[in-house]
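Novice: One letter stands for each residue in the lines below.
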Amino acid sequence: MRIPPKITQAFAVSLLGFATLLTVVVLLFIIVFVLGKGLPGVTWEFLATNPKDMGKAGGILPTLVGTVLLPVMAIAIALPLGVGTSVYLTEYTRETRLTRALRFGTDCLAGIPSIIFGLFGFIFFVVMLKMGWCLLSGALTLAIMVLPTIIRTSEEAIRAVPNAYREVSFALGATRWETVLKVVLPNALPGIVTGVVLGIGRSIGETAAVIFTAGSALRMPMTAFDSVRTMSVHFYILAREGISNQNAYATAAVLIISVLLINLLSYSMMHRFIAKRSR
Amino acid sequence: MSAPENVKISVQRFSVYHNREDALRDITLEIPSNRILGIIGPAGSGKTTFLRALNRLNDLVPDMHAEGKMLLDGQDIYHPSFDVVALRKRVGMLFALPVALPMSIYENVVYGPRLSGIRQRARLDEIVERSLQAAFLWDEVKDRLQMSGLRLSGGQQQRLCLARVLAMEELEVILLDEPCSGLDPISTAKIEEALTVLKNKYTIVLVTNNTKQAARVADDTAFFLMGNLIETGLTEKIFTVPDDKRTNEYVTGRFG
Numbered sequence: 013m014r015i016p017p018k019i020t021q022a023f024a025v026s027l028l029g030f031a032t033l034l035t036v037v038v039l040l041f042i043i044v045f046v047l048g049k050g051l052p053g054v055t056w057e058f059l060a061t062n063p064k065d066m067g068k069a070g071g072i073l074p075t076l077v078g079t080v081l082l083p084v085m086a087i088a089i090a091l092p093l094g095v096g097t098s099v100y101l102t103e104y105t106r107e108t109r110l111t112r113a114l115r116f117g118t119d120c121l122a123g124i125p126s127i128i129f130g131l132f133g134f135i136f137f138v139v140m141l142k143m144g145w146c147l148l149s150g151a152l153t154l155a156i157m158v159l160p161t162i163i164r165t166s167e168e169a170i171r172a173v174p175n176a177y178r179e180v181s182f183a184l185g186a187t188r189w190e191t192v193l194k195v196v197l198p199n200a201l202p203g204i205v206t207g208v209v210l211g212i213g214r215s216i217g218e219t220a221a222v223i224f225t226a227g228s229a230l231r232m233p234m235t236a237f238d239s240v241r242t243m244s245v246h247f248y249i250l251a252r253e254g255i256s257n258q259n260a261y262a263t264a265a266v267l268i269i270s271v272l273l274i275n276l277l278s279y280s281m282m283h284r285f286i287a288k289r290s291r
Numbered sequence: 009m010s011a012p013e014n015v016k017i018s019v020q021r022f023s024v025y026h027n028r029e030d031a032l033r034d035i036t037l038e039i040p041s042n043r044i045l046g047i048i049g050p051a052g053s054g055k056t057t058f059l060r061a062l063n064r065l066n067d068l069v070p071d072m073h074a075e076g077k078m079l080l081d082g083q084d085i086y087h088p089s090f091d092v093v094a095l096r097k098r099v100g101m102l103f104a105l106p107v108a109l110p111m112s113i114y115e116n117v118v119y120g121p122r123l124s125g126i127r128q129r130a131r132l133d134e135i136v137e138r139s140l141q142a143a144f145l146w147d148e149v150k151d152r153l154q155m156s157g158l159r160l161s162g163g164q165q166q167r168l169c170l171a172r173v174l175a176m177e178e179l180e181v182i183l184l185d186e187p188c189s190g191l192d193p194i195s196t197a198k199i200e201e202a203l204t205v206l207k208n209k210y211t212i213v214l215v216t217n218n219t220k221q222a223a224r225v226a227d228d229t230a231f232f233l234m235g236n237l238i239e240t241g242l243t244e245k246i247f248t249v250p251d252d253k254r255t256n257e258y259v260t261g262r263f264g
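Chains A and B, in that order, give the protein sequences. Heads up, the first sequence is in my numbering, so the first residue is 13 and it goes up one at a time. Heads up, the second sequence is in my numbering, so the first residue is 9 and it goes up one at a time.
Simulated from the structure, these hints should not be mistaken for lab results. Remember, predicted model here, so these are calculated numbers, not experimental data. Cβ atoms here follow ideal geometry from the backbone N, Cα and C, with glycine treated the same way. A hint or two may mislead.
[To be verified] Residues from chain B that face chain A, not an exhaustive set, calculated with beta carbons under 7 Å:
hint	residue
1	V93
2	K97
3	M101
4	G120
5	L123
6	I126
Given these sequences and hints, build the entire structure.
Specialist: This is how it looks when you write it as structure tokens:
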């Protein structure tokens, strides 16, 4: 006997709806749980003072600074390299076995666990280059880690720019470089920003790779060669060593809110840019 | 109508190959200056390939290469030392589909001049007004030059594209690839009107699927078929007493 389409339809809709609901509920539960436990501990003083007693008391100011500086430096390194690579792959080379191999390579890199990057950063930057645990070692390691994401999203974005735009630009006497600068990149920008946001998201929450390369000093970093502790490393240590669960939750709450703010900020910047161009 | 005096572009035994197949076979043709040359022929006849060879836009197509000579004012544009970027500023092109770049009307028009290094605001303003007027678009957009070009209608966008080509100060030749194929009759009339004025200053090559359009605006007409140039001559002659039987069949609508 065949099941009437009305019933299969209702079944499919409720199944899909349930899957969506479950995802949202789990996500909300985590956020509400962490914020609920952490927010009471987040005060102005907590944000703006140095930690005391290994983080048992006092605030998280240096880790806040570290959490901002490390991803910013990583993106500053990875963005020109990543966008440059994707422009080269899409605009300056034809599809050959080599470009396919490069693309396969970046895809593989994107799937490697972060601890491997951490180990590499530790051996290469910290030990071999004698840079020690510092902001720069961490930023370089994170840059390598987010590079595949930035390359792939930029490449998709650049490929999505209509070819007609390029032809118009060439026909008006533009060189390839002028076409890339004036037509290709501006139109690929929303996609590139998505890659950057993903990259920031990945590096801001990164713990394993950071603890190996940037260290976990609780001082305020003064130069790129100072060791630094990020918020995620901080609450990992606080929780693992049993120093202060209350402060671990509070730090996690600050981290969640920062990530949300960064996403909101980047997307509103992007929308403003798009709106400006299509007015 | 007098016979052509000055030759602007001289095409000599010119062929184009794409993946070893010939897209254009041994074309020899002279394009006189300050006249409109209409190029007609059925789909796949090579007329667009020929047009895109005139500003070397075919260079962008992988596995395509050309043989023979194309002389612009006596200089071979396919000579290795010829500057392609400079060529495309002298030989502008209007595409079949209107493609306004996603920027303001103003920025669309000054795209070429900016590439040529013109920076002064007053000079750019003057170029925008002159070009939009020549393309019969100025009156419709003069109060909203900062609006995105994408918000114009199809017909307006195509005239914006024409203005963008006319804005190039180095411009000598205008190539048009079925510029009215997607346009309403009024926009088409405006483009055609613009062309008849523009030929006083420029040399115009118009590829069209619409034989009536060629009969209306072209001074000379060339008929392409399967990569060959079948015949070329004054438009009246091609449309009334062509030498070749196939030309006659095409212009009277019996095939193609």
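Novice: None of the hints should be skipped; say for each whether it holds.
Specialist: Against the structure, the hints come out as follows:
1. Because the closest C-beta pair between B/V93 and chain A is about 5 Å apart, less than 7 Å, the hint holds.
2. Proximity of B/K97 to chain A holds as hinted, the smallest CB-CB distance being about 4 Å (cut-off 7 Å).
3. Annotation: interface hint on B/M101 holds; nearest CB of chain A at approximately 4 Å, less than 7 Å.
4. Hint status for B/G120: holds, given a least beta-carbon distance of 4 Å to chain A, under 7 Å.
5. Hint status for B/L123 relative to chain A: holds, with the closest Cβ pair at about 5 Å, below 7 Å.
6. Annotation: interface hint on B/I126 violated; nearest CB of chain A at approximately 12 Å, more than 7 Å.
The structure shown violates just one earlier hint, number 6.
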